[in-house]
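Asks: The primary structure of each chain is shown beneath.
6 protein chains.
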Amino acid sequence: MEVKRVPTGISGLDELIGGGFVEGDSILISGGPGTGKTIFAMQYIYKGAELYGEKGIFVTIEERPKKLRRRMREAFGWDIEKYEEEGMIAILDVSAARLGIPTNERYVEFRPFNMDSLLETLRRLVRELNASRVAIDSLSAIGLQYEDEFTIRREILRLASVLGELGVTSVMTTEVPFSDAETRLSKFEVEEFVTDGIIALSLQERRGTQERSLIIRKMRSSEHSMKRHRFDITKEGIVVYKEQMV
Amino acid sequence: MEVKRVPTGISGLDELIGGGFVEGDSILISGGPGTGKTIFAMQYIYKGAELYGEKGIFVTIEERPKKLRRRMREAFGWDIEKYEEEGMIAILDVSAARLGIPTNERYVEFRPFNMDSLLETLRRLVRELNASRVAIDSLSAIGLQYEDEFTIRREILRLASVLGELGVTSVMTTEVPFSDAETRLSKFEVEEFVTDGIIALSLQERRGTQERSLIIRKMRSSEHSMKRHRFDITKEGIVVYKEQMV
Amino acid sequence: MEVKRVPTGISGLDELIGGGFVEGDSILISGGPGTGKTIFAMQYIYKGAELYGEKGIFVTIEERPKKLRRRMREAFGWDIEKYEEEGMIAILDVSAARLGIPTNERYVEFRPFNMDSLLETLRRLVRELNASRVAIDSLSAIGLQYEDEFTIRREILRLASVLGELGVTSVMTTEVPFSDAETRLSKFEVEEFVTDGIIALSLQERRGTQERSLIIRKMRSSEHSMKRHRFDITKEGIVVYKEQMV
Amino acid sequence: MEVKRVPTGISGLDELIGGGFVEGDSILISGGPGTGKTIFAMQYIYKGAELYGEKGIFVTIEERPKKLRRRMREAFGWDIEKYEEEGMIAILDVSAARLGIPTNERYVEFRPFNMDSLLETLRRLVRELNASRVAIDSLSAIGLQYEDEFTIRREILRLASVLGELGVTSVMTTEVPFSDAETRLSKFEVEEFVTDGIIALSLQERRGTQERSLIIRKMRSSEHSMKRHRFDITKEGIVVYKEQMV
Amino acid sequence: MEVKRVPTGISGLDELIGGGFVEGDSILISGGPGTGKTIFAMQYIYKGAELYGEKGIFVTIEERPKKLRRRMREAFGWDIEKYEEEGMIAILDVSAARLGIPTNERYVEFRPFNMDSLLETLRRLVRELNASRVAIDSLSAIGLQYEDEFTIRREILRLASVLGELGVTSVMTTEVPFSDAETRLSKFEVEEFVTDGIIALSLQERRGTQERSLIIRKMRSSEHSMKRHRFDITKEGIVVYKEQMV
Amino acid sequence: MEVKRVPTGISGLDELIGGGFVEGDSILISGGPGTGKTIFAMQYIYKGAELYGEKGIFVTIEERPKKLRRRMREAFGWDIEKYEEEGMIAILDVSAARLGIPTNERYVEFRPFNMDSLLETLRRLVRELNASRVAIDSLSAIGLQYEDEFTIRREILRLASVLGELGVTSVMTTEVPFSDAETRLSKFEVEEFVTDGIIALSLQERRGTQERSLIIRKMRSSEHSMKRHRFDITKEGIVVYKEQMV
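Chains as they are written, first to last, in our numbering: chain A, 1 to 246; chain B, 1 to 246; chain C, 1 to 246; chain D, 1 to 246; chain E, 1 to 246; chain F, 1 to 246.
Bound conformation, chain A alone (with noise of 0.2 Å):
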């Protein structure tokens, strides 16, 4: 039976997880502070439209658009405005309205956050740009609206099984704290088991020196490799290793 792949545009990834994502998946990216999250997040928005031609929608919860596009211009060179002025790439604009600053992006929600409201907009956006990636960065924010892991869980699985019934592939962040970044793989716990796959990014010190690693902990429909991989943060972005790290 063909499953169709979505490739991922982070380099190295691809082979390791059977070509790319299950179209229609959501996938989990985890890890503390400094591992990349956003980058890989991004990559996978921009790589999309440089690479392959498909359109993609990011949804920034805290960090300011003007800021980010900044900054992934200062560090990999990504022009996203390029591809924003033709259409291929939407940054949709949440951390406005939860900062009760001003903006004048083009796709923004306004406040208060609420889910609904956020999966309307996912919902027409996606028609209207005939999208077929959409990032999250970061599902934590999203989860710290509400009280209970009850809900949590419910909204995030909300969010995810309205993306998959668009057909889009998604990718969404979640923050570690430094002091559990070894040990666990989400900051609410819940998203671990509804999302359809997870890659944790880890940045680890030993002897003194710092590494980058990820694992893939789970790939739903895929035969994925059972290895942990070094990866480095380049100027072209994120770029994982084939070989094992011991």
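To be clear, the hints were calculated from the coordinates, so they are not data collected in a lab. One or more hints might be untrue.
One copy or two, either will do: identical chains are not told apart, so a pair holds if it fits within one copy or between any two.
Subject to a maximum C-alpha distance of 27 Å in a straight line, what follows is the list of computed DSSO-like cross-link-like pairs (lysine-lysine) [what the hints assert, rightly or not]:
no.: 1; residue 1: Lys82; residue 2: Lys235
no.: 2; residue 1: Lys4; residue 2: Lys66
no.: 3; residue 1: Lys242; residue 2: Lys82
no.: 4; residue 1: Lys66; residue 2: Lys227
no.: 5; residue 1: Lys66; residue 2: Lys242
no.: 6; residue 1: Lys242; residue 2: Lys227
no.: 7; residue 1: Lys235; residue 2: Lys4
no.: 8; residue 1: Lys4; residue 2: Lys67
no.: 9; residue 1: Lys227; residue 2: Lys4
no.: 10; residue 1: Lys82; residue 2: Lys67
no.: 11; residue 1: Lys4; residue 2: Lys242
no.: 12; residue 1: Lys67; residue 2: Lys235
no.: 13; residue 1: Lys242; residue 2: Lys67
Put chains B, C, D, E and F on the given structure of chain A with help from the hints.
Replies: Relative to the frame of chain A, chains B, C, D, E and F by itself:
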């Protein structure tokens, strides 16, 4: 004295537990994210129909039935719909009500979630189909509906008791967050005591590689293997190996 | 000074504790899931009747009496019903009320659970049967009925005191969740202090194999073995070995 | 400057703490279940009467006086009743009120538990008997009556202060749940600071055998042994050994 | 693409982070008690004025400005008042309002603490002084004003955003209690995610001696040293060494 | 720049901290039960009077002044009353109010405990006596009066600030429960940040023997020893050794 055994449909497992589950028992399938709990539960139902001609009900609390069928077909080539059409398998959709999303599934539990209603539906379905197997995926999602350990415990106990008195043999999955996956057996820790058996699925990193294993922590009325066994998720589903894993 | 001893009916145990339990004492049987607590409690009652002609009462808080009888018969060939008919053993069913399920047991505690009522029933039953042994399975399920440590402690203390004053010798099980099974002795941690003895049952994985052992943590008025002892759950029930386990 | 010392009656202990407790001090006896705290407390009272002709009061919060007398007689041959009749020892029964059970003890505290009332009773009893020793078994049971650390601390402090001003030297037991027995000194962790000395009793498993030891964690105004000492519970009560345990 | 860098004024640090902080970024200075966080923050402001002619604002939430000036002068000979008089440095006193103590500081935030008011004052001061550097000492003291993680996160995010949009580059200290100092990066764990960089200061005991080191955990848009570096607090302030500490 | 130093009166300590405490600073003395915190605090006051002719105030929150004087006299031969009569030392009794017990101390704080009142009394006493040293024993007992970290922090900060502005140099003790004594520095963990220095007293068991040591975790404006130093509680009080403890 003769005990009636129900073959599990999990390749290699029956001989580790004295020939199968004891008829009427409730078995807990425990594990972290990506360990294969849902696959185990569906394989129990699917192989029950395919290999032993036994009818089964799969209760899905959170995953949409459509997605569940698709990924089982894609990963293992299991044609669940065929058995649904033949009346051998029924998927009871609790997810639609939970997510507030429309469904055109045949068997649906409507919101709000209510144990009395679920028990009533299960009673009716078991009789209607003459089912002998039930899978609940997952107890964790059910438990979240309740506020205290006292109630969770009573409700899970009621569920297990009613299933036992209907004469069906059931498997129930329970999630363990990754952070506790090697030290805990269940989300609420009461499932461990109110079920008749516990099979713990494990996905553990050792020197940079993840390995799958299972261990039987409890199996009432049975002499069972005391060893940790390696298993794989193959194109044919879960296969358990007889040798001990060190 | 002469202490009156009650033989435990657990093969190999009496000689480790000076000949048996001290008459009138309450002994805590502690352990994780699958360690054999219920078997220990029933063996104390069953062998009391079979080997020593002593009458006993088994209080089951959660497991249905029918299922309990069946699995004891299947696993060990114990014909509990025979002794029930002879008036040697009584099973007091608290589970039916707890689960809101009909029962046709002879001895039943009706809802809602109430310690005064249970004490009253126990007083009456002990006199009626002239019982000298009582087993409570489990304290954990009773403790969940109360909201704070202060009350749990007082109620368990009352239970133990009343049993002691009725002249019966009792065993009470308490569950330890798997995650704490090697570091904790009881669910609420008050049972440890209000009972006269503690026998901790253990099921521990070492290099891929699970091993059963027990250790006597407390036994008031008795010199007891200070060693950890291996035990098995055999076709004849629990058998404790004299040698120390390393 | 000369300090007045009170011999403890615990064989081998006095020479480790400069000759005995300092008169008027309150000493905390800390330990997990089965470590011998109650025996220590009673031995302090009993040997005070037997060996030094000092009068003592034993306050039992939870254990019934009858059972206490019986097991001390059975285990160590201590004839407490004899000394009670001679007016050398008084057992103050707080347990009857706590459990709501009738008592025909001579010295009884009636419900509900109230520190003012207990202090009043102690003041009266100390004068009536001309007692110089008091044992409280246990602070943990008293502390449970209060809701917050602030109050527990103040009430224990009051208890110790009043005893000190009455001129009596007191020992007070405190329970440490087994799970914390090697890392904690007291149930509420305030007892450690409001008492004048701490003797920690330990029962620790090493390679399959349990060993008893004690260590003096604090002893104000005294140079005390800094070593861990082995002790036994013998037919004559607690015996402490001088050699250091490694 | 050219990124504008702000030299830190911390001897040896700039070359580890690509030449300085990225203009407009917020950098978190994290550490336990006695690690030198306040010194780092003041050195950033003081050396900015002294070496680079840049104007800076130091916001002190708890320490009195008078004491702060005195101990900086005593320890490092920094004459902060001189730069205050020249209009190069402004100390904004939030401590007086917090402690309800009179102040005759020039720049004062009045009670009660309020983020809107602080942001307003900062906006005004930055324009008035034409400041390009801001230090906040400490975020921990600010965070304590709020009740939940959701709000703390939003308010810190607002603070960082407003500072970024004013064009200033800021350092913000956060305290880690000693007990967590080697395993945590921040008091509330949200500061880690809403700031652009994290420098963790450490004071660790190894075989009886304490050693100072820092590690750069995150530095957006920058390739930074991945090593742990030793540093000292000298008569001239903080000096970071290039070699890796093992 | 010249810093004015206050000799500590603790034998061997001054040379480890650059000659003494910095005038006007507040120093935290931290430690578990039995580590010598109260002795340290009293030695600072007593030796201040005896050796340096400086007047001091000792604030006792929980221990009765009478008992305090007695045990200092018994253990170290310190004749506190003599210095009280000479007006060199004042003991401020907060314990009587706290315990609701009568007192005939000269300096008494009346109930209920109130920081404003304590600050007022301290202001008055410092002026009246012309005191330059204050000891607070203990901050832990004060902190318990408040409900949240925010308030505890503010009140301790106020206390330290007012003392600083009165020109006195203060030591404040804080308790660490035994269970955390080697991993924590203070009860509430805020004391660590609002004081100018931290000296941690330790009593640690190594291979069956307890050893005393101290380490200076923080000492603002001072270069201090970075080593762990052994100390003893001798007949003359605390003596610190210069050599490093391994």
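Asks: Each of the hints needs a verdict: does it hold here or not?
Replies: Consistency of the hints with the structure:
For the homomeric pair Lys82 and Lys235, the shortest alpha-carbon distance inside one copy (19 Å) is at most 27 Å, but the shortest distance between copies (44 Å) is not. For a Cα distance limit of 27 Å, the shortest separation of Lys4 from Lys66 across copies, 16 Å, qualifies, whereas the shortest one inside one copy, 34 Å, does not. For a Cα distance limit of 27 Å, the shortest separation of Lys242 from Lys82 qualifies neither inside one copy, at 32 Å, nor across copies, at 40 Å. Taking identical chains as interchangeable, the C-alpha atoms of Lys66 and Lys227 are never at most 27 Å apart, the minima being 37 Å within one chain and 31 Å between chains.
Taking CA atoms no more than 27 Å apart as the test, Lys66 paired with Lys242 passes in neither setting, with 34 Å inside one copy and 34 Å between copies. Taking the shortest alpha-carbon separations for Lys242 and Lys227, both the intra-copy value of 9 Å and the inter-copy value of 24 Å come in at or below 27 Å. Taking the shortest Cα distances, Lys235 and Lys4 sit within 27 Å of each other only across copies (17 Å), while inside one copy they are farther apart (30 Å). With identical chains, the CA atoms of Lys4 and Lys67 are at most 27 Å apart between copies only, with a shortest distance of 14 Å across copies and 35 Å within one.
For the identical chains of this complex, Lys227 and Lys4 are intra-copy neighbours only, at 24 Å inside a copy versus 39 Å across copies, given an alpha-carbon limit of 27 Å. For the identical chains of this complex, Lys82 and Lys67 are intra-copy neighbours only, at 16 Å inside a copy versus 36 Å across copies, given an alpha-carbon limit of 27 Å. In this assembly of identical chains, the alpha carbons of Lys4 and Lys242 lie at most 27 Å apart only when taken from the same copy (23 Å versus 35 Å across copies). Taking CA atoms no more than 27 Å apart as the test, Lys67 paired with Lys235 passes inside one copy only; the shortest distance there is 18 Å, against 38 Å between copies.
Taking the shortest alpha-carbon separations for Lys242 and Lys67, neither the intra-copy value of 32 Å nor the inter-copy value of 31 Å comes in at or below 27 Å.
Consistency note: the structure conflicts with the earlier hints numbered 3, 4, 5 and 13.
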